[in-house]
Amino acid sequence: MIRSVMVMNTQGKPRLAKFYDFQTVEKQQELIRSVFGVLCSRAENISNFLDAASIFGPDSSLVYKHYATLYFVLVFDSSENELAMLDLIQVFVETLDKCFKNVCELDIVFNYSKIHTILDEMIFGGQVLETSSTELVKAVEEISRLESASNSINLVPKSVSGWRNR
Amino acid sequence: MASTTSSIMDTLFQRTLEDLIKGLRLQLIGESAFISKALEEIRREIKSTDPHTKSNALQKLSYLSSLHHFDMSWAAFHVVEVMSSSRFSHKKIGYHAASLSFSDSTPVLLLITNQLRKDLTNPNNEFEVSLALECLSRIATTDLCRDLTPEIFTLLSSTKIFVRKKAIALVLRVFEKYPDAVKVCFKRLVENLDSTDPHIVSAVVGVFCELTSNDPKSYLPLAPEFYRILVDSKNNWVLIKMLKIFAKLVLLEPRLSKRVVEPVCEHMRRTGAKSLMFECVRTVVSSLSEHEQAVKLAVVKIRELLLDDDPNLKYLGLNALSIVAPKHLWAVLENKEVVIKWLSDEDPNIKRESLRLVMAMVSENNVVEICRVLVNYALKSDPEFCNEILGSVLSTCSRNLYEIVNDFDWYVSLLGEMSRILHCQQGDEIENQLIDISMRVRDVRPELVRVGRDLLIDPALLSNHFLYRILSAAAWVSGEYVEFSRNPFELIEALLQPRTNLLPPSIRAIYIQSAFKVLIFCLHSYLLQRESTASSYPDTLALSELASKREMPEGSDLATFKAPSHSEQDEVFNPRVSNQSSEELSVGNGGDRTINHGQTSTPVTSENIFTYEAVVNQLNLIELALGPLTGSHDVEILERVRNLLCFIELIKGEILESLVQKEENLNSAEMKSSKIIKLMSDAFSEELGPVSVSAQERVPIPEGLVLKENLNDLEMICGDIQLPSSISFSLVSTHYEEGVGASLPDLQSKEELEPPSEATSLLAEHRKRHGLYYLTSEKNDIVANDYPPANDPKLQDDQNNDTEDLVKLTEQLLVSKKRPNQAKPRPVVVKLDGDFVPVSAKRPGPKDDSLSGAVQEVLLGNDTRTSTSRSNPSDKSSSKRKGKEKLITDPSSELNENLGDAEKLDHENPSSRRSKHRTHGKERRHKSPGKIREEREENGQKEKKKSSHRHARHKTRQRADVPLNVVSETPVIPDFLL
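Residue numbers (numbering that gives the first Met the number 0), protein chains in the order written: chain A, 0 to 165; chain B, 0 to 977.
If you're looking for bench data, these hints aren't it; they were derived computationally from the structure.
Some hints could be false.
Examples of chain A residues toward chain B, derived with CB under 10 Å [what the hints assert, rightly or not]:
| hint | residue |
| --- | --- |
| 1 | S33 |
| 2 | L38 |
| 3 | E141 |
| 4 | S149 |
Keeping only pairs whose Cα atoms sit at most 16 Å apart, straight-line, the calculated EDC-like set for lysine to aspartate or glutamate is [said to hold, decoys possible]:
| hint | chain 1 | residue 1 | chain 2 | residue 2 |
| --- | --- | --- | --- | --- |
| 5 | B | K830 | B | E402 |
| 6 | A | K97 | A | E43 |
| 7 | A | K137 | B | D442 |
| 8 | B | K21 | A | E140 |
| 9 | A | K26 | B | D453 |
| 10 | B | K677 | B | E653 |
So these bits of chain B aren't anywhere near chain A, every CB distance computed over 10 Å [what the hints assert, rightly or not]:
| hint | residue |
| --- | --- |
| 11 | E209 |
| 12 | D231 |
| 13 | D442 |
| 14 | R485 |
| 15 | K674 |
| 16 | R697 |
Think of the CB as a built atom: it goes at the ideal place given N, C-alpha and C, for glycine as much as any other residue.
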């Protein structure tokens with residue numbers, strides 16, 4: 000089971016944080032900080048695993064990947080395969096790339112809601128449900144269409160409809 | 000009206016999330032100021048009646064909560080409001096906020112049940128259903144699960160894959176929170192395993208993987224279904240999960256492994272995906288390690304991983320190797336040069352793994368060399384890894400009471416060497432081991448004192464605070480075993496050197512106490528020596544007195560035999576040494592006598608150092624060094640300084656006088672001071688032995704002793720003074736008072752003292768039993784000289800190529816099983832019954848009994864059905880299942896031949912088993928659901944009773960029991976798989 004997904008930039012600013020068990024905001028902040036503390040001290044071109052037991056408790060592993068200015072981090076327990084998790088990060092980044100056409104950190108900064116949609120389609124309650132980026136893009140686009148449809152109908156006559164109801 | 004206007008204003012000029020992010024990035028007024036302003040806006044906007052404004056505000060709040068860590072639990076009610084909006088975009092924001100911020104204790108959870116039910120059953124919009132499912136997967140509580148189980152059950156067979164896979168994944172949380180849902184949903188969940196859609200299968204397998212990892216036993220009956228997927232599936236994700244499941248199941252049911260091992264190996268050979276290949280390897284090495292062929296194949300694959308350029312694969316290869324190491328060390332040895340090469344890898348993960356593997360290769364034949372090279376390696380690595388190396392050397396060598404250490408002299412000097420490494424932070428561990436060894440291993444004490452002295456006299460070490468604990472151990476050892484010291488005066492000087500004021504008070508107190516012990520030893524030696532020169536008889540008295548005190552009748556013989564004949568100083572002035580030797584004599588054979596004696600007294604140099612001037616010098620030195628400390632603020636120091644100074648005060652006069660009277664034939668033994676000295680010396684010379692952890696418990700508490708009340712009083716009186724907890728009590732005799740005070744802070748767990756006779760008798764017993772293995776001490780001496788010194792100067796210059804060195808030595812040592820010149824006998828290591836903390840491999844029981852119970856109940860039902868249908872071949876409903884059975888039965892029949900009698904017997908009378916099941920099933924049907932649970936519990940209890948009974952039975956009877964066992968243990972496994 001996946002416990003947490005994090006994306007943070009090389010300065011340690013979180014860009015996406017998802018925890019599949021409830022964590023208080025203080026605890027979240029602490030976890031992100033300690034993960035970054037270890038990540039930033041690691042050299043390039045070395046293995047992508049970290050000893051996560053000291054941060055997340057026993058039976059937890061952590062893999063990360065470094066893309067441009069961002070770290071993608073996955074925390075999981077022994078029911079997941081480490082290499083499969085690395086692949087999953089790859090799938091996530093590929094999907095982002097397809098959704099945003101050459102994704103960069105700014106896309107992630109400004110598309111908070113969409114990033115979460117993508118992630119939620121991929122990982123559901125800590126379990127991996129979709130690993131094909133094509134399928135993911137399809138689902139995400141459909142959801143976005145639905146979202147904007149439900150918004151656009153009401154955007155202009157919003158106040159009008161409010162009056163009408165009165 | 001005003002509120003409407005503000006609401007409209009809010010709506011028209013509200014910042015969107017994008018505006019908020021832009022503002023944050025611009026940072027015109029600083030981040031925290033900006034955010035607090037934004038939060039203020041949000042608090043206002045979120046109360047708006049306009050759903051758009053409200054949801055917008057909630058979205059901003061979610062953002063701030065998620066990425067800037069601001070609490071949003073206060074907005075829980077607004078979250079519920081937004082969730083219930085009819086617009087998809089609002090609903091989505093609401094659900095996202097809920098899954099972000101709700102916990103089990105959020106009060107408004109009670110309000111959302113109906114909303115969730117409505118969304119879950121929405122027939123038109125699968126994405127709304129999906130939103131609700133997603134949210135539930137994070138926030139579902141027991142109540143929610145109970146109330147929504149029917150809806151989730153319906154969704155489990157939804158035609159929309161998009162929804163069904165999420166419903167399946169949600170079942171995991173539902174089962175965890177509300178085990179009774181198993182009764183409803185389990186069957187449908189299992190049916191989904193047969194689905195043709197890969198998404199569905201992947202989701203179900205994922206759920207079962209999680210369920211199995213918590214409680215494997217309950218899912219054994221599903222093994223046939225899993226097996227089919229393992230063989231048929233082409234999806235790597237699914238296969239990985241399947242391997243995870245079987246890795247757990249195989250451990251419970253060994254017969255399963257014979258079936259599984261072939262497909263696993265097949266996948267391992269065939270697959271191109273590294274992740275699947277690694278998972279196969281891991282499954283084999285962790286769960287199928289008794290299958291020689293499979294392990295061999297896995298090791299080949301591990302080697303592939305190890306030689307890959309990708310550091311991740313290297314790391315995982317090492318990881319797999321360390322799993323395989325305990326059972327198949329050959330696999331590590333085969334790859335040793337690769338493993339050792341990566342001890343110097345730049346990647347800390349890889350370094351650490353290879354260190355662990357190198358330590359796994361350590362045995363008593365190569366421990367000296369491996370440790371030597373590792374310590375040299377530690378010298379040049381970064382502080383963190385240096386300490387990891389030292390830590391693993393320490394823990395490996397001390398494992399199981401220094402099991403692999405044969406040569407304690409070497410090990411003790413290694414400890415000394417390790418303490419001197421610049422980055423060494425293992426002070427506590429080294430301290431413990433030094434003291435532990437000093438008490439357990441009698442033969443190593445001379446070397447220990449030497450190592451301790453080297454550490455104590457080096458003033459540079461006093462500036463490294465990581466070493467303080469080691470120094471305290473060194474000080475204690477030098478005080479306690481001062482009789483082995485070459486130059487006790489040097490020790491006193493070292494213990495009182497000016498830089499000791501850098502030490503923390505507790506350790507300084509130990510220094511002072513040790514100095515006290517050394518001084519007593521010196522004075523006593525001085526007196527004895529003087530007496531022996533003065534006349535020939537008083538020391539006979541003294542020695543026989545000492546000896547008889549230790550209940551050694553031979554001791555007095557020895558003393559009388561020795562005293563007149565030996566006039567050399569070194570024999571006589573050292574009563575404790577001779578005493579020691581007499582002790583050994585008493586247990587050894589008479590032939591050793593003189594040799595033994597000669598050997599033990601060598602530590603003290605032959606020239607006479609206990610001169611009058613030296614003694615007086617020492618007394619002056621101590622007075623000078625400790626005088627200022629009488630004003631110390633630390634109780635421990637103050638106490639010990641006072642003791643020492645008062646003692647000197649007592650005896651100094653007479654010692655000085657004695658010089659004047661020297662020429663007269665005085666009766667010095669009756670001098671007051673010499674009596675005191677003798678008394679003190681006796682007190683200190685009693686040996687401290689290791690004590691079993693449980694020793695304290697065995698001492699009965701005397702009647703009428705009330706400890707607690709007094710202690711409470713004490714706390715009231717001196718509540719703020721920090722008392723070292725162990726000092727106050729646990730004294731065996733008053734003689735010990737001084738020694739105990741100093742040593743206890745070090746000993747901690749060894750709070751009580753043991754009469755020395757126990758260790759001695761142990762030694763005697765050992766010698767009696769294994770006399771064959773005791774070499775004569777003369778030989779011993781020679782061999783010791785042969786032994787390469789641990790800190791060979793040669794090593795200093797080949798530090799750079801120690802990797803190759805290690806490779807070489809492993810080649811030599813790991814292959815050849817026995818060292819040719821392993822002539823040195825292992826000294827006796829005193830062991831106590833309390834030392835072995837039994838490593839109880841207590842398997843963590845299933846986390847959720849009710850869940851496993853529920854699952855077993857459902858599956859047991861399944862099984863009953865299967866077996867009844869088997870006995871009734873014309874039953875059409877089970878035809879599909881039957882077909883499957885047949886498919887698998889064929890290979891299993893030949894397999895059965897290989898199985899033990901147990902299984903054969905089982906197959907010979909299947910009717911009894913079947914009938915048992917049938918009656919079981921019948922009983923079931925008559926009972927009300929409430930009773931079923933009771934019955935199951937009863938069964939469980941029966942099973943427990945049986946198993947405990949079984950264990951108690953004798954081995955010979957076990958065979959007869961086996962068929963019964965198979966039935967009772969695994970009533971749920973269909974035999975066609977086995």
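Cβ separation check - B:E209 to all of chain A, threshold 10 Å: At about 6 Å from chain A, B:E209 fails to clear the 10 Å cut-off, so the statement is violated.
Status of the stated non-contact between B:D442 and chain A (beta carbon gap over 10 Å): holds, 41 Å
Per-residue hint verdict: A:S149, partner chain B, C-beta under 10 Å: Result: holds, 4 Å to nearest chain B Cβ.
Straight-line alpha-carbon gap A:K137 to B:D442, limit 16 Å: With Cα atoms ~77 Å apart, A:K137 and B:D442 exceed 16 Å; violated.
Hinted pair A:K97 and A:E43, Cα distance within 16 Å: With a Cα-Cα distance of about 26 Å, the restraint between A:K97 and A:E43 is violated, given a limit of 16 Å.
Least C-beta distance between B:D231 and chain A, which was stated to exceed 10 Å: holds, 19 Å
Nearest-CB test (10 Å) between chain A and B:R485: holds, 46 Å
16 Å Cα cutoff - pair A:K26, B:D453: Status violated; Cα separation ~49 Å.
Cβ separation check - B:R697 to all of chain A, threshold 10 Å: holds, 35 Å
Chain B contact restraint on A:E141 - CB to CB distance below 10 Å: Status holds, d = 7 Å.
Hint validity - A:S33 Cβ closer than 10 Å to any chain B Cβ: The hint is violated - A:S33 has no Cβ within 10 Å of chain B, the shortest such distance being about 14 Å.
Given hint A:E140 paired with B:K21 - CA-CA distance at most 16 Å: violated, 25 Å
The structure fails hints 1, 2, 6, 7, 8, 9, 11 (numbered hints given earlier, in ascending order).
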